[in-house]
Amino acid sequence: MLRGIRLSKRSALLGILAFALVFALGACGKGQDTENSSGSAGGKVYIVGTDAAYKPFEYVNDKGEIVGTDIELIKKLAELGGFRVDIRNLGWDALFQAVQNGEVDMAISAITITDERKKTYDFTEPYFEAHQLIVSRADHPVRSVEDLRNGTFPVGVQNGTTGHEVVKKILGDTNPRIRSFENTPYALKELENGGVGAVVADNAVVDLYVKENPGSKLVTANDPSFEKEYYGIMVKKGNAELLNLLNAALDKAKKQGILKQIFGAGAVE
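In terms of mature numbering (1 follows the signal peptide of the UniProt record, and there is no 0), the sequence shown is residues -29 to -1, 1 to 240.
Since the hints were derived computationally from the structure, they do not count as laboratory data.
Some clues are possibly wrong.
Label-pair restraints from in silico Cβ distances [stated by the list, open to error]:
no., residue 1, residue 2, range
1, Glu100, Glu153, 22 to 28 Å
2, Thr123, Gly35, 40 to 46 Å
3, Asn121, Gly186, 25 to 31 Å
4, Glu153, Leu179, 14 to 20 Å
5, Lys34, Thr123, 41 to 47 Å
27 Å max Cα-Cα, derived DSS-like pairs, lysine-lysine [said to hold, decoys possible]:
no., residue 1, residue 2
6, Lys231, Lys26
7, Lys225, Lys46
8, Lys89, Lys140
9, Lys90, Lys199
10, Lys199, Lys140
11, Lys46, Lys223
12, Lys26, Lys89
13, Lys225, Lys188
14, Lys182, Lys208
15, Lys90, Lys208
16, Lys223, Lys182
17, Lys223, Lys160
18, Lys182, Lys160
Using N, Cα and C, we set each Cβ at its ideal position, and we do this for glycine too.
Work the whole structure out from these sequences, hints included.
If you want it as structure tokens, here you go:
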């Protein structure tokens, strides 16, 4: 009888320990799920596509994390809008198809709002003002659009960007001097190596690259013909619900000075 009582107590203790273990594992599992997304706890999760090769806006850090000013912005908008985001690095060209096909809910990747893109996609209100810059080597400087037009050297661009469109307008759509690259850092590295004589790309990306690579001996020039450009978050055409949600959160961010904190002088307020 006494032995039976001891076994019952032991069984009860083991049962309590087993329950505690299951609870602890469940809590750990829940924590792992939320690590892949950011924003408001319990809110709807939206999949966000980006091209993490465009520092300072989006890039992969030494820990393998997707970071940057655009990433900081979309996480802050998620907090303000009561939703969560799952950020995925897709590459530039794939971004547009993924949004159109519904594979991702939105894309943020220093995407310039253009009339041509607005035919296929919807954009939020702008959050950043940019312009193009000409980059060249200090020993062979290219100072203007006229220098680009009158030269014989190849000109590097990132494929499908507004910089690409600008150069096509200057040199002609099918000019063999135009060399397109998967991303802007590749184009700038080719410039350093002498494979192209100039690169045309967004100012913030170029300025940071030149600053972080002083040994490259690259110089920049801003032609007065380069127009202002504005970045927006891109969603599938007709997705008014998501667009309104993002714009409402963006409006809050502007009023609270968050855009200025993240982007500095380039912020649209």
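The hints, checked one at a time:
1. Glu100 with Glu153: 22 to 28 Å: 26 Å, holds
2. Thr123 with Gly35: 40 to 46 Å: This hint holds: roughly 42 Å between Cβ atoms.
3. Asn121 with Gly186: 25 to 31 Å: Holds: the Cβ-Cβ distance is about 29 Å, inside 25 to 31 Å.
4. Glu153 with Leu179: 14 to 20 Å: At roughly 19 Å between Cβ atoms, Leu179 and Glu153 fall inside 14 to 20 Å, so the hint holds.
5. Lys34 with Thr123: 41 to 47 Å: At roughly 44 Å between Cβ atoms, Thr123 and Lys34 fall inside 41 to 47 Å, so the hint holds.
6. Lys231 with Lys26: Given that 27 Å is the threshold and the Cα spacing comes to 18 Å, the pair holds.
7. Lys225 with Lys46: Holds, because 14 Å separates the two Cα atoms, which is no more than 27 Å.
8. Lys89 with Lys140: Cα-Cα ~20 Å, so holds.
9. Lys90 with Lys199: 20 Å, holds
10. Lys199 with Lys140: Given pair Lys199, Lys140 holds - Cα atoms ~16 Å apart, limit 27 Å.
11. Lys46 with Lys223: 13 Å, holds
12. Lys26 with Lys89: Status holds; Cα separation ~25 Å.
13. Lys225 with Lys188: Distance of about 37 Å is beyond 27 Å: violated.
14. Lys182 with Lys208: Outside the cut-off at roughly 38 Å; violated.
15. Lys90 with Lys208: With Cα atoms ~8 Å apart, Lys90 and Lys208 stay inside 27 Å; holds.
16. Lys223 with Lys182: 33 Å, violated
17. Lys223 with Lys160: With Cα atoms ~39 Å apart, Lys223 and Lys160 exceed 27 Å; violated.
18. Lys182 with Lys160: The hint holds at about 14 Å.
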